[in-house]
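Construct all of the structure, not just a fragment, from the sequences and the given hints.
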Amino acid sequence: MKTTSLFKAAGSRSLWKIVPVMVFFVLWELAARYGPFGGTAIFPSFSAVLLEMAALFKSGVMIKNLAATLFRVLIGLFLGTISGIVIGILMGWQEKVYRSLSPIISMLYPIPALGWLPLLMLWIGINEMLPIAIISIGVFFPLCYNTAAGIRSVDQEMIKAAHILGASEMRILFEVILPNAASQIFTGLKLSSGMSWRTVLAAEMVAIPTGIGALIMKAESLVRVDIIISSLVVLSLMCLFFEKILGVVEKKWIGNWSGNAQD
Amino acid sequence: MPKIELRNATIRNCHDLNLTIRNGEYFVIVGETGAGKTTLLNMIAGVEKYTGSVLIDDVVVNPLPPFKRGVGYLFQELALFPHFSVMANIGFGLKAQGYQKNAIKERISFLLDLMQIRHLAGRFPHQISGGEKKRVALARSLAPSPKTLLLDEPTSSLDPRTAKHLSSELHDILKKLGVTTVHVTHDLKEAERISDRIAFMANGSIEQVATPAAFFFDPANTSVAEFIGMPNILECRQTRPLASGLVEIVSDDLKIILPCNRRHIRKIAIPPDAVDISDVEPSELLLNHFVGTVEKIIQHNATVKLQISIGKNRLISELTASAFMNMFIAKGTKVYGAIKMNRLRYIE
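Taken in order, these protein sequences are the chains called Z and X. All letters in the first sequence, in the order written, are residues 1 to 263 by our numbering. All letters in the second sequence, in the order written, are residues 1001 to 1348 by our numbering.
What you were told as hints is all true, and nothing was included just to trick you.
Quick list of the computed label-pair ranges, beta carbon to beta carbon:
id	chain 1	residue 1	chain 2	residue 2	range
1	X	K1189	Z	S168	39 to 47 angstroms
2	Z	S102	X	R1123	36 to 44 angstroms
3	Z	S153	X	G1131	25 to 33 angstroms
4	Z	K17	X	L1177	55 to 63 angstroms
Partial list, derived from the structure: chain Z residues whose beta carbon lies under 7 angstroms from chain X:
id	residue
5	E157
6	M158
7	K160
8	A161
9	G166
10	A167
11	R171
12	P179
For lysine-lysine, the following BS3-like pairs were computed, each having C-alpha atoms within a straight-line distance of at most 27 angstroms:
id	chain 1	residue 1	chain 2	residue 2
13	X	K1105	Z	K160
14	X	K1147	Z	K160
15	X	K1176	X	K1003
Think of the hints as simulated: they come from the structure by calculation, not from any bench. Positions of the beta carbon are idealized from the N, C-alpha and C atoms, including for glycine.
As structure tokens, then:
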């Protein structure tokens, strides 16, 4: 009886997730076919978008552009993550570093990543390094801020206890402070990964001739709304995929003791 | 078993603290919140900067880092590592100090048995109860075999029964291990039950250091007397053994029975809240009863103190304000009283 009701509960939860999405797609299809813009290129139906997406993958256009964007995101995310975590650790761990860097970080953090674009275009030029630099900057600030805040919020008595038990500064950092700040560092990382996809799209739309952003811009000039929507769907799926992966890593790492990791 | 000394130790609100804790002693520090008890422990452990000197075994340990002082510390908030299992928590200090793997295993096993927490070995701190967490934290602080153990309110936030059981067990274990212990608490009954000597702290200074008995019978000043509840002290003229474990003492016009095996008792102390008062004659005969007259009524916020004369004797009784309001008592009223036997203290 209990097992059956559990299945029922799980089934009911999935239903609540799936039904609204299905209704959305059906309404979209109906609106595109029979609505005021029905049958025009400006508002393609759901099925037309699916067919176009399949065609883009089949022809290799989507794969080529996605690979270019993914490469930029991975490199930018890597550089931004490493620098954000290292500076964040130093700021959270050493009061003097925190006091010295905190005003600069607070001043630069509110600038949107795209605000750097004109400056970087002049400094770096329009090349592969431009989107990577923009992504790194967009990733660096939230991650640095969250890492420093996470480390500073670790219980001081726990650190005192580790000192009394004879642990070295390095052991305290790696075995006590970082694991206890991990949850907040992951929050920054998840924020940053989403940020990196948003940033790369904008950079590619404005300045770079390859990648998903550039594909969207080309589609716009040809009034190919189906390609634009296909590209946006792929982008959204990639964004979700990255967040999901980070959620899984977080849960695997700290989920068994903190119970606060997100799926 | 080291001797600990503080010489003119000064930090923030604590000035010129001088104190000697003897080898193997179970030393308890009592006082109100904010009296400086934890700060004193922090100075001995070396986790806060101070002026003056801390000596362990006649050696000034001021320049030594905490772990080189041979001190274990049980924090009030326990500070267990939430990301480590119980076993890893206990072994953390041993690993940090470079013990061999086998030695770590053996020591953890010994401590799991000593603290009766073997069944918790694989669990994480959030999966165990408050009392169990205290045992784990204690095992962790005992792991590197410290010669001195500092306990900051080890029984706080536990229910009274568990607290009493744990503090007695703690005392027995630490005495058996021969560890010099400095135990901070605000529970005077706990201090009296387990301590070799008690120190009373108020406003960052040590007001009195004495054995539990001397502490109650000879408070050094009014702040100590107020903290212990200003007990009634009676001189005993005569001690008469009754059945096994009971004696009757005579103090002028009062006869009091108390549980003890001594042949001669010099003084007894009666806490004012252990003197029950009624304005009507009880229907049954109570142990340690008396009849007296109210001489003085002193009203505080939530309590009322009555000074009662019983022949040549004077006793102070403390009632709650609501209990007082339910009786018709004024100066000169005849009252009937009884003294709770289990709250009596005595010296020979």
